[in-house]
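All chains, please: the whole structure from these sequences, using the hints.
Now for the letters of each chain:
Protein chains: 2
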Amino acid sequence: MDLKELYDKLKDYMGKEIILKGWIRNHRKQKEFGFIDFSDGTCFKHIQIVYDNTLEDFDEIQKYHIGSTIEVRGIPIKSEGKGQEIEIKAQNIKLLGDCPEDYPIQAKRHSMEFLREQAYLRPRTNLFQATFRIRSIAAMAIHTYFQERGYVYVHSPLITANDGEGAGEMFQVTTLDLEKLSDKKIDYTKDFYGKKVGLTVTGQLEAEAFATAFKKTYTFGPTFRAENSNTKTHASEFWMIEPEISFCDLNELMDIEEDMLKFIVNYVLEHAKDEMEFLDKFVEKGLIDKLTKLVNSKFTRITHEEVITILKNSKQKFEFTPEYGEDIAKEHEKYITEYFNGPVFITNWPKDIKAFYMKLNDDNKTVAAVDLEVPGAGELMGGSQREEDYDKLLNRMKEMKISEKGLEWYLNLRKYGTCVHSGFGMGFERLLIYLTGVENIRDVIPFPRTPGNCDF
Amino acid sequence: MDLKELYDKLKDYMGKEIILKGWIRNHRKQKEFGFIDFSDGTCFKHIQIVYDNTLEDFDEIQKYHIGSTIEVRGIPIKSEGKGQEIEIKAQNIKLLGDCPEDYPIQAKRHSMEFLREQAYLRPRTNLFQATFRIRSIAAMAIHTYFQERGYVYVHSPLITANDGEGAGEMFQVTTLDLEKLSDKKIDYTKDFYGKKVGLTVTGQLEAEAFATAFKKTYTFGPTFRAENSNTKTHASEFWMIEPEISFCDLNELMDIEEDMLKFIVNYVLEHAKDEMEFLDKFVEKGLIDKLTKLVNSKFTRITHEEVITILKNSKQKFEFTPEYGEDIAKEHEKYITEYFNGPVFITNWPKDIKAFYMKLNDDNKTVAAVDLEVPGAGELMGGSQREEDYDKLLNRMKEMKISEKGLEWYLNLRKYGTCVHSGFGMGFERLLIYLTGVENIRDVIPFPRTPGNCDF
Numbered sequence: 001m002d003l004k005e006l007y008d009k010l011k012d013y014m015g016k017e018i019i020l021k022g023w024i025r026n027h028r029k030q031k032e033f034g035f036i037d038f039s040d041g042t043c044f045k046h047i048q049i050v051y052d053n054t055l056e057d058f059d060e061i062q063k064y065h066i067g068s069t070i071e072v073r074g075i076p077i078k079s080e081g082k083g084q085e086i087e088i089k090a091q092n093i094k095l096l097g098d099c100p101e102d103y104p105i106q107a108k109r110h111s112m113e114f115l116r117e118q119a120y121l122r123p124r125t126n127l128f129q130a131t132f133r134i135r136s137i138a139a140m141a142i143h144t145y146f147q148e149r150g151y152v153y154v155h156s157p158l159i160t161a162n163d164g165e166g167a168g169e170m171f172q173v174t175t176l177d178l179e180k181l182s183d184k185k186i187d188y189t190k191d192f193y194g195k196k197v198g199l200t201v202t203g204q205l206e207a208e209a210f211a212t213a214f215k216k217t218y219t220f221g222p223t224f225r226a227e228n229s230n231t232k233t234h235a236s237e238f239w240m241i242e243p244e245i246s247f248c249d250l251n252e253l254m255d256i257e258e259d260m261l262k263f264i265v266n267y268v269l270e271h272a273k274d275e276m277e278f279l280d281k282f283v284e285k286g287l288i289d290k291l292t293k294l295v296n297s298k299f300t301r302i303t304h305e306e307v308i309t310i311l312k313n314s315k316q317k318f319e320f321t322p323e324y325g326e327d328i329a330k331e332h333e334k335y336i337t338e339y340f341n342g343p344v345f346i347t348n349w350p351k352d353i354k355a356f357y358m359k360l361n362d363d364n365k366t367v368a369a370v371d372l373e374v375p376g377a378g379e380l381m382g383g384s385q386r387e388e389d390y391d392k393l394l395n396r397m398k399e400m401k402i403s404e405k406g407l408e409w410y411l412n413l414r415k416y417g418t419c420v421h422s423g424f425g426m427g428f429e430r431l432l433i434y435l436t437g438v439e440n441i442r443d444v445i446p447f448p449r450t451p452g453n454c455d456f
Numbered sequence: 457m458d459l460k461e462l463y464d465k466l467k468d469y470m471g472k473e474i475i476l477k478g479w480i481r482n483h484r485k486q487k488e489f490g491f492i493d494f495s496d497g498t499c500f501k502h503i504q505i506v507y508d509n510t511l512e513d514f515d516e517i518q519k520y521h522i523g524s525t526i527e528v529r530g531i532p533i534k535s536e537g538k539g540q541e542i543e544i545k546a547q548n549i550k551l552l553g554d555c556p557e558d559y560p561i562q563a564k565r566h567s568m569e570f571l572r573e574q575a576y577l578r579p580r581t582n583l584f585q586a587t588f589r590i591r592s593i594a595a596m597a598i599h600t601y602f603q604e605r606g607y608v609y610v611h612s613p614l615i616t617a618n619d620g621e622g623a624g625e626m627f628q629v630t631t632l633d634l635e636k637l638s639d640k641k642i643d644y645t646k647d648f649y650g651k652k653v654g655l656t657v658t659g660q661l662e663a664e665a666f667a668t669a670f671k672k673t674y675t676f677g678p679t680f681r682a683e684n685s686n687t688k689t690h691a692s693e694f695w696m697i698e699p700e701i702s703f704c705d706l707n708e709l710m711d712i713e714e715d716m717l718k719f720i721v722n723y724v725l726e727h728a729k730d731e732m733e734f735l736d737k738f739v740e741k742g743l744i745d746k747l748t749k750l751v752n753s754k755f756t757r758i759t760h761e762e763v764i765t766i767l768k769n770s771k772q773k774f775e776f777t778p779e780y781g782e783d784i785a786k787e788h789e790k791y792i793t794e795y796f797n798g799p800v801f802i803t804n805w806p807k808d809i810k811a812f813y814m815k816l817n818d819d820n821k822t823v824a825a826v827d828l829e830v831p832g833a834g835e836l837m838g839g840s841q842r843e844e845d846y847d848k849l850l851n852r853m854k855e856m857k858i859s860e861k862g863l864e865w866y867l868n869l870r871k872y873g874t875c876v877h878s879g880f881g882m883g884f885e886r887l888l889i890y891l892t893g894v895e896n897i898r899d900v901i902p903f904p905r906t907p908g909n910c911d912f
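Chains Z and D are the protein sequences, given in the same order. The working numbering puts the first residue of the first sequence at 1, with every later residue one more than the last. The working numbering puts the first residue of the second sequence at 457, with every later residue one more than the last.
Please keep in mind that the hints were generated in silico from the structure rather than gathered at the bench. Quick caveat: nothing in here was measured; it's all calculated off a predicted structure. Heads up, some of the hints might be wrong.
To be verified - Covered stretches of chain Z, going by a simulated chain D footprint (3 or more residues, C-beta under 8 angstroms): (1) 66-74; (2) 90-99; (3) 169-175; (4) 274-280; (5) 310-316; (6) 325-337; (7) 365-376.
Idealized CB from N, CA, C, for every residue including glycine.
Now the structure itself:
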């Protein structure tokens with residue numbers, strides 16, 4: 001049976017013989033007794049297995065190594081020891097799979113760097129049991145939120161000829177034999193798709209097309225960035241959630257962002273209690289309080305211009321001087337969320353620092369964009385009302401030197417029954433960093449990809 | 457309001473003024489009346505908007521084109537016309553977004569080929585409204601099935617140096633400037649990851665690592681195959697579901713496969729009633745009966761050897777002669793599912809035609825693999841017990857000339873606390889073809905990628 005079932009229905013199983021299969025996380029031996037810290041991975045909690053020298057193969061069992069796979073037949077009883085309420089009194093412990101003493105995950109503290117090198121084994125540790133189960137639960141929270149509200153889940157294509165953000169930094173995808181290329185002009189008609197293609201940086205453009213058919217849509221899939229950044233927040237492969245909604249303006253978009261985030265946080269707090277308590281205790285003190293506070297707060301809504309004014313009027317000494325018409329720095333984000341003591345939607349950004357598809361405001365200087373700044377997380381979501389006017393969009397593309405080639409269909413969405421519509425993007429890993437308190441993006445992705453790192 | 461809400465709470469809204477925003481799917485004009493076939497994409501059903509010449513801008517409204525975006529203020533009333541029970545008596549119809557007459561999606565039958573060229577607009581047609589909403593609902597069914605049963609959702613990496621199936625046919629991913637490569641040896645230390653990498657063909661190997669930590673895991677993500685096949689069932693980018701379960705043998709795996717498939721089918725039948733009725737009527741006659749029959753059937757379990765015997769004993773004239781120790785052809789699959797009049801699990805396949813990681817049976821000739829053959833769908837899932845013995849796995853890799861390089865970690869899963877474990881893969885699009893009756897994989901993927909095709 002699963003350990004989770006035992007804990008869920010403890011009353012039914014107390015005093016009755018059960019069988020568990022799982023792994024030895026730790027093993028303490030005494031002359032007449034042994035104590036195995038046992039986990040089968042079905043829940044965060046472990047259980048203590050107690051065995052004594054009345055067992056026929058007592059000597060054999062005492063030799064079982066940490067990391068080994070065992071089958072335990074025994075009886076759940078009240079524990080007299082400290083640290084647990086119940087334990088299993090073993091009647092029989094069978095070795096299913098040995099684990100030699102060079103096993104890298106011994107019962108001690110390992111550095112995060114070391115565990116990254118052992119990415120295939122690290123899910124067996126408490127920290128990554130918590131993190132990756134929360135990753136799974138948070139993914140379900142997102143699907144639940146959107147599906148319950150009638151959104152259609154769209155799988156945007158991964159291989160694409162579009163550069164959706166106009167930012168460059170795309171991986172190229174090819175079946176050409178690089179060894180046989182000469183330094184002449186490449187003949188892309190011989191490549192798999194007959195042209196130069198790469199890995200998508202966003203699923204938004206395709207989601208917009210679906211929003212003109214289903215009204216409410218969302219993507220949840222991988223995106224890629226060939227950016228040579230070695231920071232705690234950059235990975236070259238990560239998952240994004242990109243909802244797109246027709247007949248939705250910037251204000252309604254903020255309503256959705258706030259509602260969704262609170263839903264996800266509540267869902268995780270409810271479905272990952274043990275994991276959150278562990279993280280609160282060992283990773284980020286006050287984590288649960290932080291999240292509970294978020295859920296109960298009203299998010300502030302303020303324009304970029306107002307933000308700059310607040311920053312300028314502050315007596316704070318900033319490394320970068322805040323300026324109207326310019327982007328804001330991390331230190332400014334931090335100041336603003338502290339100033340309002342909670343999450344802040346910053347709207348109406350200078351057009352020159354935002355993407356071509358964002359709706360131009362009547363002032364002709366700003367766009368109807370919104371970034372959500374969250375205390376302790378920075379920018380958690382970025383969204384905008386999309387430019388729904390064909391001519392204005394075309395004009396912005398020309399101004400920003402975005403080629404129309406390959407984007408004619410995207411422009412046509414504004415020709416064939418256009419409508420006010422908005423959407424946002426949320427980096428899944430950024431959300432997880434916020435939810436778990438784990439600081440480095442490499443530690444919330446099962447097998448992270450960063451410059452120079454593509455193992456497993 | 458959403459049209460879905462109107463239909464869901466019809467009684468509350470009858471006779472009361474409401475506002476709808478959406479698109480004109482068709483427009484019939486009479487001298488004193490007009491009839492607009494209206495959809496907002498929130499449900500499969502459309503609604504008829506009736507307006508008459510008492511409206512001030514009657515003449516203007518009569519000019520509204522198919523595909524245009526409108527806002528309708530009106531009252532839901534019982535319809536006297538044929539084909540619908542209720543309709544909206546319009547008080548006001550505002551044009552939000554025009555649609556010129558060159559709009560490709562007119563209210564007539566279009567060929568599938570034509571609609572593929574208009575992939576960004578085709579979700580607005582009935583067929584693709586049904587198909588892509590079912591795609592979304594089926595995805596939710598899958599997540600619901602696994603999450604309710606305690607499985608952990610794993611995002612396997614997309615960019616990888618492994619060739620998980622040992623089949624070749626991978627796309628290469630690079631940031632090297634191809635234009636500047638000479639025909640000398642490529643220096644991969646200068647590539648983004650410092651080595652040659654490509655797009656994954658399976659998430660299984662990484663899922664196996666997680667199964668040794670969480671016991672029950674599943675992936676649901678994109679996989680890629682650079683196979684130059686132009687058939688109805690091949691795409692170069694598709695989504696796969698790959699569950700991996702520790703302490704699970706081949707028989708238990710078949711239990712899970714059968715249970716999961718029935719759950720998904722029931723979920724879709726329940727959550728996509730209108731869509732399924734449409735498909736049953738216009739795409740595959742008897743579709744709902746086919747699916748209902750599946751849900752109520754007991755799947756047959758039979759070995760590959762027994763299958764060959766049945767085929768040999770049949771009086772059927774096959775194009776390919778069935779042989780012990782060899783693969784079976786599509787015509788054989790078809791014969792077998794008809795023979796048993798239902799889904800058939802075929803187990804214990806000849807080792808030489810299966811992947812290196814499958815568990816070698818004691819006969820040393822077959823592996824503990826299982827394919828699920830479903831009437832009208834062919835092979836819907838492929839799975840196996842995985843080889844859990846280090847030496848046997850290493851031996852198979854050597855026999856099949858699979859390089860250990862880069863797979864040391866995968867082998868080590870058999871060294872550090874190995875256990876009996878099994879998993880299977882299901883192509884999401886193959887499932888959708890079965891669920892919808894839509895025949896071509898290009899028509900169940902939002903923006904399909906096939907050789908020579910990478911538009912949008």
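Residues of the segment 90-99 of chain Z with Cβ under 8 angstroms from chain D, three needed, outcome: Coverage by chain D holds here, the residue count being 4 at a Cβ distance below 8 angstroms.
Claimed coverage, the segment 66-74 of chain Z by chain D - three or more beta carbons nearer than 8 angstroms: holds (count 3)
Cβ contact check, 8 angstroms cutoff: the segment 169-175 of chain Z against chain D, three residues minimum: holds (count 5)
8 angstroms C-beta criterion, at least three residues: is the segment 310-316 of chain Z covered by chain D: With 0 residues closer than 8 angstroms to chain D, the segment 310-316 of chain Z misses the three-residue bar; violated.
Proximity test - 8 angstroms, beta-carbon atoms, the segment 274-280 of chain Z to chain D, at least three hits: Per the Cβ count (0), the hint is violated.
Coverage assertion for the segment 325-337 of chain Z with respect to chain D, Cβ distance below 8 angstroms, three residues required: violated (count 0)
8 angstroms C-beta criterion, at least three residues: is the segment 365-376 of chain Z covered by chain D: Per the Cβ count (0), the hint is violated.
The earlier numbered hints that this structure contradicts are 4, 5, 6 and 7.
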